[in-house]
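Trainee: Chains A and B, in that order, are what the protein sequence lines are. Under our numbering, the letters of the first sequence match residues 3 to 118, in that order. Under our numbering, the letters of the second sequence match residues 233 to 346, in that order.
None of these hints come from the bench; they were simulated from the model. Given the structure is predicted, the values throughout are model-derived calculations rather than measurements. Built from N, CA and C at the ideal position, the CB exists for glycine as well. Check the hints yourself; a few may be wrong.
[Claimed, not checked] Derived DEER-like restraints, expressed as beta-carbon distance ranges:
| no. | chain 1 | residue 1 | chain 2 | residue 2 | range |
| --- | --- | --- | --- | --- | --- |
| 1 | A | Lys16 | B | Ile315 | 38 to 44 Å |
| 2 | A | Phe68 | B | Leu239 | 26 to 32 Å |
| 3 | A | Gln19 | B | Ser312 | 48 to 54 Å |
| 4 | B | Gln345 | A | Val32 | 27 to 33 Å |
| 5 | B | Gln345 | A | Pro72 | 31 to 37 Å |
| 6 | A | Val76 | B | Ala233 | 29 to 35 Å |
| 7 | B | Pro272 | A | Thr78 | 44 to 50 Å |
| 8 | B | Asn300 | A | Leu118 | 43 to 49 Å |
| 9 | B | Ser241 | A | Pro72 | 36 to 42 Å |
| 10 | B | Asn300 | A | Lys80 | 41 to 47 Å |
[What the hints assert, rightly or not] Taking lysine to aspartate or glutamate and the EDC-like style, the derived pairs with C-alpha atoms no more than 20 Å apart in a straight line are:
| no. | chain 1 | residue 1 | chain 2 | residue 2 |
| --- | --- | --- | --- | --- |
| 11 | A | Lys80 | A | Glu46 |
| 12 | A | Lys80 | A | Asp58 |
| 13 | B | Lys281 | A | Asp65 |
| 14 | A | Lys16 | A | Asp65 |
| 15 | B | Lys281 | A | Asp58 |
| 16 | B | Lys327 | A | Asp65 |
| 17 | B | Lys327 | A | Asp26 |
[What the hints assert, rightly or not] Over 10 Å on every C-beta distance to chain B, these chain A residues come out as not near it, computed from the model:
| no. | residue |
| --- | --- |
| 18 | Val6 |
| 19 | Val14 |
| 20 | Arg24 |
| 21 | Asp26 |
| 22 | Ser29 |
| 23 | Tyr37 |
| 24 | Gly42 |
| 25 | Ser60 |
| 26 | Phe68 |
| 27 | Val76 |
| 28 | Lys80 |
| 29 | Gln86 |
| 30 | Asp105 |
| 31 | Leu118 |
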Amino acid sequence: GAGVSQSPRYKVAKRGQDVALRCDPISGHVSLFWYQQALGQGPEFLTYFQNEAQLDKSGLPSDRFFAERPEGSVSTLKIQRTQQEDSAVYLCASSPLAGGGADTQYFGPGTRLTVL
Amino acid sequence: AQSVTQLDSQVPVFEEAPVELRCNYSSSVSVYLFWYVQYPNQGLQLLLKYLSGSTLVESINGFEAEFNKSQTSFHLRKPSVHISDTAEYFCAVRKYTGRRALTFGSGTRLQVQP
Numbered sequence: 003g004a005g006v007s008q009s010p011r012y013k014v015a016k017r018g019q020d021v022a023l024r025c026d027p028i029s030g031h032v033s034l035f036w037y038q039q040a041l042g043q044g045p046e047f048l049t050y051f052q053n054e055a056q057l058d059k060s061g062l063p064s065d066r067f068f069a070e071r072p073e074g075s076v077s078t079l080k081i082q083r084t085q086q087e088d089s090a091v092y093l094c095a096s097s098p099l100a101g102g103g104a105d106t107q108y109f110g111p112g113t114r115l116t117v118l
Numbered sequence: 233a234q235s236v237t238q239l240d241s242q243v244p245v246f247e248e249a250p251v252e253l254r255c256n257y258s259s260s261v262s263v264y265l266f267w268y269v270q271y272p273n274q275g276l277q278l279l280l281k282y283l284s285g286s287t288l289v290e291s292i293n294g295f296e297a298e299f300n301k302s303q304t305s306f307h308l309r310k311p312s313v314h315i316s317d318t319a320e321y322f323c324a325v326r327k328y329t330g331r332r333a334l335t336f337g338s339g340t341r342l343q344v345q346p
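Kindly produce the complete structure, drawing on both the sequences and the hints.
Mentor: Okay, structure coming up:
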């Protein structure tokens, strides 16, 4: 079946612009995660949704970052007034269950954001 | 809080040679352990995971990892690598309960040479 998809795959923004990154999780998956992967680093957690509820946003680096999942399926990560340090690959992952740390997370291909 | 250390940023190896990618973790609570692989221009894929039971876990493509609680390690090994194993490998941990996010290491680039 279809995996996690993300769009756009590449985004170039001028400093100060707002951007919106979309994630389509695997159908029926309850949990959805956003991670940020800087060049040469491992992914770092941003935020977590269980259905439409945002249960953990402890990784969001500033109040310029905002995520939503209004109907418990598609999610959007929005970055306002982008800065050069926001340049990174933004990864979305979904998992089928709501409870249990053993649940496997399935990752999308990521959106590479470059802020000029 | 948890942390993951992958000491080797790059590991060059010749085809058909054995390889070990090292992973050490730090956590005050019990964790699950994962290895993810990222092939060029592709997303992260789960390679294998340790949940409980036998400390040796295997993947379908010949990789294995052994959980060593006393040394807090989860090293990844393969007895004979192929060119197609060239990729970035990430070790990750996750708490049994509570916060469900994965904590990743910084990755090890495995470069298999002919």
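Trainee: If a hint holds in the structure, say so; if it does not, say that too.
Mentor: Now for the hints, and whether the structure bears them out:
1. Against the hinted window of 38 to 44 Å, the Cβ-Cβ separation of lysine 16(A) and isoleucine 315(B) comes to about 41 Å, which satisfies the hint.
2. At roughly 36 Å, the beta-carbon separation of phenylalanine 68(A) and leucine 239(B) lies outside the given 26 to 32 Å, and the hint is violated.
3. The hinted window of 48 to 54 Å between glutamine 19(A) and serine 312(B) holds, with their beta carbons roughly 49 Å apart.
4. Taken as a hint, the range 27 to 33 Å is violated for the pair glutamine 345(B) and valine 32(A), whose Cβ atoms sit roughly 43 Å apart.
5. Glutamine 345(B) and proline 72(A) have their C-beta atoms about 49 Å apart, which leaves the hinted 31 to 37 Å range violated.
6. Taking the beta carbon of each, valine 76(A) and alanine 233(B) are about 31 Å apart, inside 29 to 35 Å as hinted.
7. Between proline 272(B) and threonine 78(A), the C-beta spacing of about 27 Å breaks the proposed range 44 to 50 Å.
8. Remark: the range hint 43 to 49 Å for asparagine 300(B) to leucine 118(A) is upheld by a beta-carbon distance near 46 Å.
9. Hint check: serine 241(B) to proline 72(A), Cβ distance near 40 Å, so the stated range 36 to 42 Å holds.
10. Our hint of 41 to 47 Å for asparagine 300(B) and lysine 80(A) holds, since their Cβ atoms are close to 42 Å apart.
11. At roughly 17 Å between alpha-carbon atoms, lysine 80(A) and glutamate 46(A) fall within 20 Å of each other, so this suggested pair holds.
12. Pair hint lysine 80(A) plus aspartate 58(A) holds up; C-alpha atoms about 16 Å apart against a cutoff of 20 Å.
13. Between the alpha carbons of lysine 281(B) and aspartate 65(A) the distance comes to roughly 34 Å, so the proposed pair goes past 20 Å and is violated.
14. A threshold of 20 Å between alpha carbons decides the hint, and for lysine 16(A) with aspartate 65(A) the separation of about 19 Å falls inside it, so the pair holds.
15. Our distance criterion of 20 Å between C-alpha atoms is broken by lysine 281(B) and aspartate 58(A), whose separation comes to about 24 Å.
16. Distance hint between lysine 327(B) and aspartate 65(A) is unfulfilled; the C-alpha atoms sit about 26 Å from each other, more than 20 Å.
17. Our distance criterion of 20 Å between C-alpha atoms is broken by lysine 327(B) and aspartate 26(A), whose separation comes to about 26 Å.
18. Residue-level check failed: valine 6(A) sits 7 Å from the nearest beta carbon of chain B, not beyond 10 Å.
19. For valine 14(A), the requirement that its beta carbon stay farther than 10 Å from each beta carbon of chain B is met, with the minimum near 18 Å.
20. At the 10 Å boundary, the C-beta of arginine 24(A) stays outside the reach of chain B, the nearest C-beta of that chain being 15 Å off.
21. With 10 Å as the threshold on Cβ separation, the claim that aspartate 26(A) sits away from chain B holds: the shortest Cβ distance comes to roughly 13 Å.
22. Serine 29(A), annotated as away from the interface, keeps every beta carbon of chain B farther than 10 Å; the closest lies near 17 Å.
23. Non-interface call for tyrosine 37(A) relative to chain B: violated, since the shortest CB-CB distance, roughly 8 Å, does not exceed 10 Å.
24. Chain B draws glycine 42(A) into its interface by the beta-carbon criterion, the shortest separation being 7 Å against a cut-off of 10 Å.
25. The beta carbon of serine 60(A) sits about 8 Å from the closest Cβ of chain B, which is not more than 10 Å, so the claim that it is off the interface is violated.
26. With a least CB separation of 18 Å from chain B, phenylalanine 68(A) remains clear of the 10 Å interface cut-off, as annotated.
27. The beta carbon of valine 76(A) is kept farther than 10 Å from every beta carbon of chain B, the shortest such distance being approximately 17 Å.
28. The Cβ of lysine 80(A) lies farther than 10 Å from every Cβ of chain B, with a closest approach of about 20 Å, so its non-interface assignment holds.
29. Under the 10 Å C-beta cut-off, the non-interface status given to glutamine 86(A) relative to chain B holds; the minimum distance is some 21 Å.
30. For aspartate 105(A), the requirement that its beta carbon stay farther than 10 Å from each beta carbon of chain B is not met, with the minimum near 8 Å.
31. Remark: the non-interface label on leucine 118(A) is consistent with the geometry, its nearest Cβ contact in chain B lying 22 Å away (cut-off 10 Å).
When each numbered hint is compared with the structure, violations occur for hints 2, 4, 5, 7, 13, 15, 16, 17, 18, 23, 24, 25, 30.
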